[in-house]
Amino acid sequence: MDIDTKMPSSTTRAVIGLLCFLGAASVGAACDPTADLEGHGCDGQHYESHECGDGGLQWCYRSGQEHVWGRCVYAPECEPGETEECQLEGGSNNHCTLERGVPTWTINCWTPLVLVFDDAPVELTEASATPFDISGVGACFATDWPTEATPWLARDVDRDGVISGAHELFGSATLLASRRPAPDGFAALAELDVDGDGVITERDPGFAELVLWVDHDGDRRGQLDELTPVTARGVTALELGYTIDRRCDVRGNCEVERSAFSFDRSGRLARGAIVDLHLACQ
Numbered sequence: 001m002d003i004d005t006k007m008p009s010s011t012t013r014a015v016i017g018l019l020c021f022l023g024a025a026s027v028g029a030a031c032d033p034t035a036d037l038e039g040h041g042c043d044g045q046h047y048e049s050h051e052c053g054d055g056g057l058q059w060c061y062r063s064g065q066e067h068v069w070g071r072c073v074y075a076p077e078c079e080p081g082e083t084e085e086c087q088l089e090g091g092s093n094n095h096c097t098l099e100r101g102v103p104t105w106t107i108n109c110w111t112p113l114v115l116v117f118d119d120a121p122v123e124l125t126e127a128s129a130t131p132f133d134i135s136g137v138g139a140c141f142a143t144d145w146p147t148e149a150t151p152w153l154a155r156d157v158d159r160d161g162v163i164s165g166a167h168e169l170f171g172s173a174t175l176l177a178s179r180r181p182a183p184d185g186f187a188a189l190a191e192l193d194v195d196g197d198g199v200i201t202e203r204d205p206g207f208a209e210l211v212l213w214v215d216h217d218g219d220r221r222g223q224l225d226e227l228t229p230v231t232a233r234g235v236t237a238l239e240l241g242y243t244i245d246r247r248c249d250v251r252g253n254c255e256v257e258r259s260a261f262s263f264d265r266s267g268r269l270a271r272g273a274i275v276d277l278h279l280a281c282q
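The sequence shown begins at 1 in this note's numbering and counts up by one.
What the hints contain is simulated information worked out from the structure, not anything from laboratory work.
All C-beta atoms in this analysis are idealised placements derived from N, C-alpha and C, irrespective of residue type, glycine included.
Keep in mind that the hints are not guaranteed to be accurate.
What follows is a set of in silico ranges between Cβ atoms, one per label pair, in the way DEER data are often shown [unchecked claim]:
no.	residue 1	residue 2	range
1	Arg268	Ala120	13 to 21 angstroms
2	Gly55	Arg268	58 to 66 angstroms
3	Ala208	Arg100	42 to 50 angstroms
4	Ser128	Ile244	27 to 35 angstroms
Given only the sequences and the hints, what does the whole structure look like? Please build it.
Dropping the structure here:
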């Protein structure tokens, strides 16, 4: 596999120079620029890599509150940032990310919709130990989770008063009328477009059932006090026509499909974004 290796950053060169000056054994007597820097600090550039050893590569990754170099890898299974088509029905793709500095394929084949009321990236917190089957088929029980700033769009399908699973979000765990999984969140939402105008509004009966879910207590179960009708947030229209605007984080989560919605903000019409998140199984 061909990997585009970047030249070491100024920080990397400074680390090598300092270790050389100090006579560090890990650098070697010749102060080899391909010395193994595992555990040493780096400047946190996105997917920065460094040649090491005899044809190996190591990557800069976040460890706790700092960025350090991972171990020297001689046969990485993928290139960070690379994607491949998902093999699961109804999925999208897999994403190559760094696990403790080692390039690893992570599955992000599941795609629920979130609403973004302000022009900002989707905010996610790291996966918790509380399980939630985002796949709907028992394939993944732990993903990163949106914050209050970017809540899930949901619908109480079974009318039990709670959001109990991914089948009640709008994504690839949604079963369409054809009984097949939705390929993405917008295909799932389109099932509510009764009048066929490409926009979900109060003219569509399902619009009144739409809620925003913020999981305040982290139990991965949408209780009544965590569900807000979209109308209570002033939402008036959800557009189904989307564009592709891929934005991935270092944990393998990607914002991919994106459209717009209209809402009332203090008496003025405003626009927000509907984003289909392709979540990595953590």
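Structure-based check of each hint:
no.	hint	in the structure
1	Arg268 with Ala120: 13 to 21 angstroms	holds (19 angstroms)
2	Gly55 with Arg268: 58 to 66 angstroms	holds (60 angstroms)
3	Ala208 with Arg100: 42 to 50 angstroms	holds (47 angstroms)
4	Ser128 with Ile244: 27 to 35 angstroms	holds (30 angstroms)
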